[in-house]
Each structure stands twice: as C-alpha cells, then as structure tokens.
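Undergrad: Read off the chains here:
There are 2 protein chains.
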Amino acid sequence: MIIGFIGFGVVSQNLLKLINNPKITFITSAEGRSNKTMENIRQFDIGVENSFKEVAIKSDILISANSPSVAVDVSKKYGKYCNGIYLDLNNISPDSTFEINKNVKNFIDGAIIGKIDSDNPIMYISGKNAEKLLFLNDFLNVKLISYKIGDVAILKLLRSTYTKTLSALLIESFEVAKNYNLENEFFDVLSVTEGNKFKEKSLSRIKNTLTNSKRKREELEEIINYFDDEELIMVKAALRKLNQL
Amino acid sequence: MIIGFIGFGVVSQNLLKLINNPKITFITSAEGRSNKTMENIRQFDIGVENSFKEVAIKSDILISANSPSVAVDVSKKYGKYCNGIYLDLNNISPDSTFEINKNVKNFIDGAIIGKIDSDNPIMYISGKNAEKLLFLNDFLNVKLISYKIGDVAILKLLRSTYTKTLSALLIESFEVAKNYNLENEFFDVLSVTEGNKFKEKSLSRIKNTLTNSKRKREELEEIINYFDDEELIMVKAALRKLNQL
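Heads up: the sequence lines are chains A and B, in that order.
Each residue of the first sequence is one higher than the one before, starting from 1 at the first, in this note's numbering.
Each residue of the second sequence is one higher than the one before, starting from 1001 at the first, in this note's numbering.
Calculated from the structure, these hints are not laboratory results.
Be aware that a few hints might be false.
In the PhoX-like style, the derived pairs of lysine-lysine whose C-alpha atoms are separated by at most 25 Å in a straight line are [said to hold, decoys possible]:
#	chain 1	residue 1	chain 2	residue 2
1	A	K178	B	K1178
2	A	K105	A	K58
3	B	K1058	A	K178
4	A	K76	A	K102
5	A	K197	B	K1076
6	B	K1058	B	K1156
7	A	K197	B	K1143
8	A	K156	B	K1178
9	A	K201	B	K1058
10	B	K1132	A	K199
Pair by pair, the computed Cβ-Cβ distance ranges are [unchecked claim]:
#	chain 1	residue 1	chain 2	residue 2	range
11	B	I1224	A	D117	20 to 28 Å
12	A	T193	B	L1210	14 to 22 Å
13	A	S213	B	E1099	25 to 33 Å
14	B	G1009	A	S213	25 to 33 Å
15	B	D1228	A	V192	23 to 31 Å
16	B	N1040	A	Y226	19 to 27 Å
17	B	S1034	A	D229	51 to 59 Å
By construction, the Cβ of each residue, glycine as well, lies at the ideal position given by its N, Cα and C atoms.
The shape of chain A in the complex, shown without the other chains (with noise of 0.2 Å):
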C-alpha cells in the first residue's frame, strides 16, 4: 500500500512515524519546494516523485495536510487524478469539505484533535468510505464519526465552540477575582471540583486567548456565521468579550 502526502509537516511527520508497516510505502514530491524543505524531507523514509500529480495516481491513500486556506485549490488541483481514498486533515470549516467532495471521488472529511505529534494521537473521519480508514487503529486512535461529509468539520466547530466561549469565560471570572485579590484563591476553590490541573490549564488558556485574540475572534465569527439558525447566546458572548479586551 501507498500513502501520499500533500503537505509535510508535523502531522504527515508523525503520521509516517506512527504508521510503521513494512507493507506501507510512504510518497510526496518535490514540484515547487525550496532546497531546505527537501533536506528535511530526506531525514525521512519516503518516496520523492516529480510532481504531486504523480503523488495522487500513485497512492492508495492521498492526505492533504497543508493549510486551512490552500485545502479547497488541493483537491481541485489534484483530487482527480486520486482512485484512492482522499484524506483532508487540514482544519477546515464544513462547507470547505462539501467543496473538496465535489472535487474528489472516495474523500473522508478527519481531523487529529488534541496533541497532533503525540504518541497516540486521536484522528476523527467521516465519510462514505470511512471504514477503510480503521486499519490505522494498528497505528494510532482512529474513530469513524458517521458516513456523512462534513460532520468531523461540524465536530471540530462544536469543540471550538465550547472551548473558545469557556476562555472568554475564564478571562471574565479571572479578572473579577484579580479585583478582588483572590484570584490565586478563585483557581485553588476551582481545583476542588475542576481537577488538580485547572489553575494551570486556565492561565494557559487565558495567556492563549490573549495572545492570539485576533485570531480567536475571527474564529468565533466562523462559529457564529456557521451555526447562523441556532441560539448562541453564549459564543455571542464569548466574541463581544474578546472584541472588549
């Protein structure tokens, strides 16, 4: 079997590690890559073909792992050429893998949730053909969502939506005890029923929040257009508090 990649970096990285079958061949090309990636590519075990299209004949299995915003042009540049199975690891909104759906013939819509190069990292698929996916399990936690496109992406929104709302949350409660010079004494109150680890956890994901709040509102935005039918009191919320700060 052939997996290829479009796109190499930490998540195709640690795939080829996990995935270690001497029945599985790894491929990707070299087509529009700079010297220095390349060298990093031959640090690996993997094919180098010509181009990418090459890449997608080839591979019983093609993952396009590059960015969010090149993920759509990906598939229409190469989903053709693929018979194999097409995986979409990129984090990209539901209506993103409806487009990619129309470009390419056996997609599965997946996602690695939590650490993406830890050593048993959590990939989410769904998808008609998902199913053929599950053999992975020998390699790293694979869980088949649905048979439907779309909802590992509308899965990905759903945690957003509660974890982005939660650090708005977090900044709130944490600014009120700081005005009142309990805040050591807040997250110590907390930890009772929160777990051991909620003082740290919540600080990092204040300092996350704040440091990246751009980005954090536009993806609350994403949530919100997306969601547009539903009562979002809350992520409303959770954005107007990000817009304050």
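Following the hints, complete the assembly by docking chain B onto the known chain A.
TA: Structure of chain B alone, referenced to chain A:
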C-alpha cells in the same frame, strides 16, 4: 474547649464526627426544637443546654450553620452573648457577612466547599482572628483565605460565577451538538482535553441547572448585583440563556 452549634444539620453533624478529640466537647440546645429533631440530636455525643443563649455564653467556638435566610437574625439574637469565636458556615452573601460582623465580637466568615459530608471537607475561613481556627486542620482541611470579613463569601460568589456560567455554556453547546446528532461525539472529543469524566460531569451539571433553573437564575442575579461595577458580559449572557429555557 467547647464548640457550640446553632443549627444541627449535615454540616454540624459531620464536623462533630470529624473533630474527634477528648479535650473538645460539643453543645447545642433543645430550644424551639421538635421531639423528632431532639431524638436525632441524642444520637450524637453532644450536651444539650436549655437555651441557645446559654450555648452562646459557654462556647469557645460558636458555629452558626442553619440556613442563609436566618443567618443575620441568629447573629443579632445570640452574637452579643458570645465571647469566643463566632463562625458562620451558612451560604451567605458578602453583604450579610458585613451585617453579621456588626453583631458579633470575634466573627469568622466560613464556607465548606465541595461535599459537605465528605471525610476530608475543605473549610475556607476569613476574618481578623481566623488563625485561631487553624488547629482544626488536625481534623479537616482548613484554608485561611485572608483576615478580611467577606472574602470567603466573595470567593463563593466567584466560584458560583464560573460554575453557573459554565453550565449555561454546556447547555448551549449540547443543544447545538444535539441538533447535528453529534452530542456523544461532542463529549468524546472534549474528554481528550477536559478529562475522562467530562461527559458525566457535564450531563450532571446540565440536569442540575435545568431542574433548579429558577434558583440558578436568582443566584446569577445576585452575582450580577454584587459585582455591579465589573464588566460581566459572560455572566449576563448566562442569565439570558437560563431565562430563555
């Protein structure tokens, strides 16, 4: 040393069980109590005085653990007879602690957070003489928050700010996930970062909030009134969310 109880519910009973030292005796009174309550009290190793006034006079530590609605009245009635420490363990507002402080000489503002009938409850205390209760660490987990009356009550409000707003967020996220038939997957995905018990804890919070939504709304209103000067975007949204249920 004599510890006196005004109010002999779960909190008092558990403290009596935990504070196990031959040098410490316990008293309460039969005043105004039903035969049934007295039968219950006689199950415990506790002296019974004729009046709560006598309990107040004799106690080195007088514990008021009744109900929030009578806490201030109790301090008015018996506070003046108490030359020892007066410890209030009712779930009262910061303003009520300031009120009680006017009626009592050595007031300590206290709260038991987490399970009140556990083997190792955590008791938070604040007040000028709060250090004098640290010897109770031999029997339970005592945390001195500050020397300022009201700080423990504020800490309870801060805790409540977080947990009640979180419940509103959980209700909203769960609703959206359900509309996409992804509610189980939503919990699974979040368990990766929020811990194994995320689903169980979240469902119990959602149920608890829906069952007691009137009380939860009142508590959110109290928080909003107390922290009036603060910019409470998230907490106000939580109240709107619960109002729309």
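Undergrad: Each of the hints needs a verdict: does it hold here or not?
TA: Status of the hints after comparison with the structure:
{"no.": "1", "hint": "A:K178 <-> B:K1178", "in the structure": "violated, 36 Å"}
{"no.": "2", "hint": "A:K105 <-> A:K58", "in the structure": "holds, 15 Å"}
{"no.": "3", "hint": "B:K1058 <-> A:K178", "in the structure": "violated, 40 Å"}
{"no.": "4", "hint": "A:K76 <-> A:K102", "in the structure": "holds, 9 Å"}
{"no.": "5", "hint": "A:K197 <-> B:K1076", "in the structure": "violated, 42 Å"}
{"no.": "6", "hint": "B:K1058 <-> B:K1156", "in the structure": "violated, 30 Å"}
{"no.": "7", "hint": "A:K197 <-> B:K1143", "in the structure": "holds, 19 Å"}
{"no.": "8", "hint": "A:K156 <-> B:K1178", "in the structure": "holds, 14 Å"}
{"no.": "9", "hint": "A:K201 <-> B:K1058", "in the structure": "violated, 48 Å"}
{"no.": "10", "hint": "B:K1132 <-> A:K199", "in the structure": "violated, 29 Å"}
{"no.": "11", "hint": "B:I1224 <-> A:D117: 20 to 28 Å", "in the structure": "violated, 43 Å"}
{"no.": "12", "hint": "A:T193 <-> B:L1210: 14 to 22 Å", "in the structure": "holds, 19 Å"}
{"no.": "13", "hint": "A:S213 <-> B:E1099: 25 to 33 Å", "in the structure": "violated, 41 Å"}
{"no.": "14", "hint": "B:G1009 <-> A:S213: 25 to 33 Å", "in the structure": "violated, 47 Å"}
{"no.": "15", "hint": "B:D1228 <-> A:V192: 23 to 31 Å", "in the structure": "holds, 27 Å"}
{"no.": "16", "hint": "B:N1040 <-> A:Y226: 19 to 27 Å", "in the structure": "violated, 57 Å"}
{"no.": "17", "hint": "B:S1034 <-> A:D229: 51 to 59 Å", "in the structure": "holds, 56 Å"}
When the structure is compared with the earlier hints, violations turn up for hints 1, 3, 5, 6, 9, 10, 11, 13, 14, 16 and for no others.
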